[in-house]
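There are 2 protein chains.
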Amino acid sequence: MAKNGNISASVIKRLPRYYRFLGELDKQGVERISSRELSEKMKLTASQIRQDLNCFGGFGQQGYGYHVQSLREEIGHILGVDKEYPTILIGAGNLGKAIALHINFETRGCRLVGIFDANPRLTGETVGSIAIRHTDEIEGFCNSEHPVIAVLCIPKANTQAIADKLVGLGIRSFWNFSHYDLSIDHKGIEVENVHLGDSLLTLTYRTNQMPEGPAE
Amino acid sequence: MAKNGNISASVIKRLPRYYRFLGELDKQGVERISSRELSEKMKLTASQIRQDLNCFGGFGQQGYGYHVQSLREEIGHILGVDKEYPTILIGAGNLGKAIALHINFETRGCRLVGIFDANPRLTGETVGSIAIRHTDEIEGFCNSEHPVIAVLCIPKANTQAIADKLVGLGIRSFWNFSHYDLSIDHKGIEVENVHLGDSLLTLTYRTNQMPEGPAE
Chain A
390 MAKNGNISAS
400 VIKRLPRYYR
410 FLGELDKQGV
420 ERISSRELSE
430 KMKLTASQIR
440 QDLNCFGGFG
450 QQGYGYHVQS
460 LREEIGHILG
470 VDKEYPTILI
480 GAGNLGKAIA
490 LHINFETRGC
500 RLVGIFDANP
510 RLTGETVGSI
520 AIRHTDEIEG
530 FCNSEHPVIA
540 VLCIPKANTQ
550 AIADKLVGLG
560 IRSFWNFSHY
570 DLSIDHKGIE
580 VENVHLGDSL
590 LTLTYRTNQM
600 PEGPAE
Chain B
390 MAKNGNISAS
400 VIKRLPRYYR
410 FLGELDKQGV
420 ERISSRELSE
430 KMKLTASQIR
440 QDLNCFGGFG
450 QQGYGYHVQS
460 LREEIGHILG
470 VDKEYPTILI
480 GAGNLGKAIA
490 LHINFETRGC
500 RLVGIFDANP
510 RLTGETVGSI
520 AIRHTDEIEG
530 FCNSEHPVIA
540 VLCIPKANTQ
550 AIADKLVGLG
560 IRSFWNFSHY
570 DLSIDHKGIE
580 VENVHLGDSL
590 LTLTYRTNQM
600 PEGPAE
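Chains as they are written, first to last, in my numbering: chain A, 390 to 605; chain B, 390 to 605.
Repeated chains share a single entry, so a pair holds when one copy, or any two copies, can fit it.
Straight-line distance between alpha carbons at most 30 angstroms, and here's what the computed DSSO-like set of lysine-lysine pairs gives:
1. K430 x K472
2. K402 x K432
3. K402 x K430
4. K545 x K430
5. K416 x K576
6. K402 x K576
7. K402 x K545
8. K472 x K554
9. K430 x K576
10. K402 x K554
11. K432 x K576
12. K432 x K545
13. K554 x K430
14. K416 x K545
15. K416 x K432
16. K432 x K554
17. K416 x K554
No lab work stands behind these hints: they were computed from the structure.
Generate coordinates for the entire structure from the input sequences, incorporating the hints supplied.
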């Protein structure tokens, strides 16, 4: 059904949000929703929503709205949530542990199969159901388990060496929480950078612009 | 200098990235940079960059490029990094601790002044230099310290009650890591939502679309 050869990056960026909102609606027992109702919830225009979803062949029926469950399933399929990409996480500090625990890898197209940290005192400690291994074990682990995605929760200074090693071991996709720009040194990989500081700065800006007066 | 009345949300979203890249360049000792060079680094078009920076009165001089340090300072000023908004963080689990430690509140327009958690076993434990307080103390703390920004690192189920309370206590800006949609119930507040799961799904999608073959 999906004709997803040439979808723009901005549409792709919105798909997880659609997936999330539709999941909420599904949980609430909503069966159908119009683009107008969805636009109010998502704070996009109805025409934007129709245009976005049209990229994939169009799911809506004029006058009937979208079938929540099947639209969600289709978007999930496009996003690859039904995949189980074996995933490793490097860096089991607070952030690494939080990411390992809070993100439900099982339903997101990833399956967390290994956690690594350079600190030998963390070796053997479990996060969720996974025991932390020493980073020395990465090579052997990759050779036997063939992970596809790596989550990098390590300081910027350590990232280049680890990334070089992981690319050599066949990792192609990086969820990168360090501030090191991976795509400078490697071609043919996918990198999703998370810059939490940028998000906070955006909020600071908006705080700066707020009119005086109490909230409701 | 800044004529920043009507800046679009998409430009604002890019400003922290400019600020970050210019900081890197400044650290490397780069004094001036052309929009073309900056565009290569940032993967934006040169005309996009000129257009973005023009929103603020235009910093570049034709033929000379941008002065890195003063452009960075000006963008920082627009973003409000020179402010010190007193900030509290609610929820001192792994994620909350990571956020408290990893984000340098000092240089981002925020100053972390309090950390709260509902778990009494965490009370008194320090994160960085700040002792965790019990959530029962939030009211008294807000009445004396008047924090402006709250960082929410708590489960979705608990967010509505805490947010209602915080808005009543004068908090106007929320950096929200829970999946609860704060802006539904409150007007006149600023909310920056962080949905880490959306970011991961974007990566899953792109992993799904990758051609076969080794990376370099």
